[in-house]
Amino acid sequence: MKETAGTPVQVTGTVLTTRRVDAYHALTVVAPGIAERFRPGHFVSVAVGGPHTSMPARRAFSVHDVKPDYGGTVELVFAVRGRGTAWLAERKARDTLDLVGPLGRPFPVPRDPCTCVLVGGEYGSASLFALADTLQQRGCRVDFVLGAASADRVFGALRARRMGETITLTTEDGSLGLRGLVTDALPSVIADARADVVYACGPMSMLRGVTAVAVEFDIPVQVSVEEAMACGYGVCMTCVLPVIGDDGVTRMARSCVDGPVFRGERVRFEDVGTIPFDALGAPGGRVQEGGAHSRNVS
Amino acid sequence: MSVDMRTYLAHVELANPITTAAGCAASGAELSQFFELARLGAVVTRSITMAPRAGRPTPRMAETPSGLLNGVGLQGPGVEAFLERELPRLVDRGARAVVSIAGGSVAEYTALARRLSDAPGVAAVEVNLSCPNVEDLGRVFARDPAASAEVVSSVRATLRYDLPVVAKLAPDVADIVAVARSCVDGGADALAMINTPLGMSIDVDTMRPALAAGTGGLSGPAIRPLAVRCLWQVHAALPGVPIVGMGGVASGRDALEMILAGACVVAVGTALFHDPYACLRILRELEELLKERGFERLADAVGLAHRPPGAGPRHRTDLEETSL
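Residue numbers (the numbering used here), protein chains in the order written: chain S, 5 to 302; chain H, 24 to 347.
Honestly, the hints are just simulated from the structure, not real lab data. Treat the hints with caution; some may be incorrect.
Which stretches of chain S does chain H cover? Using the computed rule of at least three CB atoms under 8 Å from a CB of chain H, they are [unchecked claim]: (1) 155 to 166; (2) 179 to 193.
Here chain H is said to cover these stretches of chain S; the calculated rule only asks that three of the stretch's residues, wherever they fall, bring their Cβ under 8 Å from a Cβ of chain H [said to hold, decoys possible]: (3) 17 to 30; (4) 129 to 135; (5) 207 to 220.
Incomplete in silico selection of chain H near chain S, CB under 7 Å [stated by the list, open to error]: (6) Ala48; (7) Pro75; (8) Glu86; (9) Thr229.
Quick reminder that beta carbons are idealized off the backbone N, C-alpha and C, glycines included.
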């Protein structure tokens, strides 16, 4: 068990149930092999479109839930954003799916009991519940802050209410909970709970704000980033973002194998989508290399 | 009876004809968590540059019909880190390592060749000619037969004599046969084709190019007919030159198509992003297809489609639909 934990496998999963959760879709898939290797924060990648598809890229999804029933099931929560997710949303019970997982580096969990604030934006909250389970098994106190643009896009409020010591909901239009962003509510939650650590999963702008709050309180923050990936296991090099390493050097880290969980203060959120000039191997200064004009090569 | 799948990349014997394509398996280690790399004919590394490279900004990838556009920009650790960390790991795992190199000038290619010449465990060197030539206004080497030949001959002259030089050609040229012939004249022991043709995609929602770099390399099944055409033309003109075929190979049938067009080695690229086991699956399917057609050796199928109709040595009955 120890050696296999985290090592990804490719399996043909069978869809067990599908359901709508407000603005999102939830798919429970029987995926033996993946479920027993799973740790909170891992994700899976799914081939979409069927065997003769014109869509060659896989789609990556965070895992909402893992259960030992039926030999091991994983539940994916996603929003329809394009043709691939639209195809996935049309799957019915007993359809099969090509899954690879578990992928990525999971959330590190504290050794001793402490107080944790879990911050979720949109369907990013989905990956926080397995983490909350693990934290509570270790005697940690868990507080939730969940937010989205509107009430139907807040995911997991009921489950968070059952699990969390406290739960704070925010919506930008005020249709549920407090009007505003999760970062508006976060400082008081951290202060009231006397939190020791913050975990966050959601859109990049939210992670940036959450990290800023945690840094202000001088407590560690672990963020799970969402970047577009083609493979999910580190070969395509498309899901990079600038991350500061232990040696202080910024590298274009792959969010699939170096992440998706990073220490928040190590991610250069303001530079995501760029190559910072001081990143290792950044263009400029080195004329010999051919600079940023290389083309047609990967 | 199993089919003899051995093949030769120049004089280097490979246990089977299926390899990874440059830039599609990172350093190789990522795939080894799924299967043993030694089961592949060879692992072709991403293109190694002299200095570390951070590559291009994101978004680097866009999905197109049956294809992928990418603008990664040769992200990599540079040759020193590659020799120190990545190459030994490949060798330890028993993989045959074909090292792809990329540079912005002939001098840079030469320096890379010198650095690799004494490195243990290199089976062959693939010269990525689709790099912008900084001494020629950034026009890619592969566009020009003379520039391609200059790079190839300088690498050939620098590299240890027993290491094959594979020239990787781009399809975005008026006359690929001329470039191929020029590379062979320059000393290339084998040719690899095709690199990704240049493409572009615009996101109609944001009304901006889908890639940060604007244009990118198109790969995947969308480019397979282009690859087969290039292979066909070059094999017809230079029948004695070993060719590594690639471009949208996703099944054993696709690999066989490349082999019939003239390839003796087939590299798998974009399919690896979809299926980490793609190489092994394609190898299994290819062997099965050869067996069904009565071949005892893979080598007998190389370039077979060039024979005039009726001259085929095999019974061509009850074959299923073609892959076209």
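Notebook entry, point to check: Which earlier hints can't be squared with this structure?
Noted result: 1, 2, 3, 4, 5, 9
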